[in-house]
Amino acid sequence: DADDEDEEESSDSEEEEEEHLALTVPAPALHSSIPASEDSDETEPFDEGETAATPPPFGYHVAAKISVQPHIPMPFCSEAEVERLLAIPTPPLSPVSPTSYPLL
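For the sequence shown, UniProt numbering begins at 1 and goes up steadily by one.
Careful: at least some of the hints might be erroneous.
DEER-style ranges, computed between Cβ atoms [what the hints assert, rightly or not]:
(1) P92 to A63: 49 to 59 Å
(2) Q69 to T90: 28 to 38 Å
(3) I72 to A52: 50 to 60 Å
(4) A63 to A87: 47 to 57 Å
(5) P75 to A53: 55 to 65 Å
(6) S67 to T90: 33 to 43 Å
(7) A53 to P73: 44 to 54 Å
(8) A63 to L93: 47 to 57 Å
(9) P73 to A52: 34 to 44 Å
(10) P95 to V68: 39 to 49 Å
(11) P75 to T54: 55 to 65 Å
(12) P70 to T90: 30 to 40 Å
(13) P70 to E48: 58 to 68 Å
(14) H71 to P91: 42 to 52 Å
Simulated from the structure, these hints should not be mistaken for laboratory data. Think of the CB as a built atom: it goes at the ideal place given N, C-alpha and C, for glycine as much as any other residue.
Using the sequences provided together with the hints, build the complete structure.
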């Protein structure tokens, strides 16, 4: 039982150490496609006067502009207009039968 507790404590401390190390890795290294071990072997130092492209600042982003047309309010129909529209005769609905529509 004591050995099991020691193993649990040791695995807990290893996890905490990994989390701590993960927090100290700079953000660009986390997103790099080149592993850190290869990075130092395959890069060459800059010549005098040579510079590298500087990445944009952390908060830099391009926002899309969206134009919204204002809603044009529709005037309310007058009572006379409502009565006129309701007075328009509408043909009765025909009953729908299974033969009304051909089967596709």
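Identify every previously stated hint that the structure contradicts and give their numbers, smallest first.
9, 14
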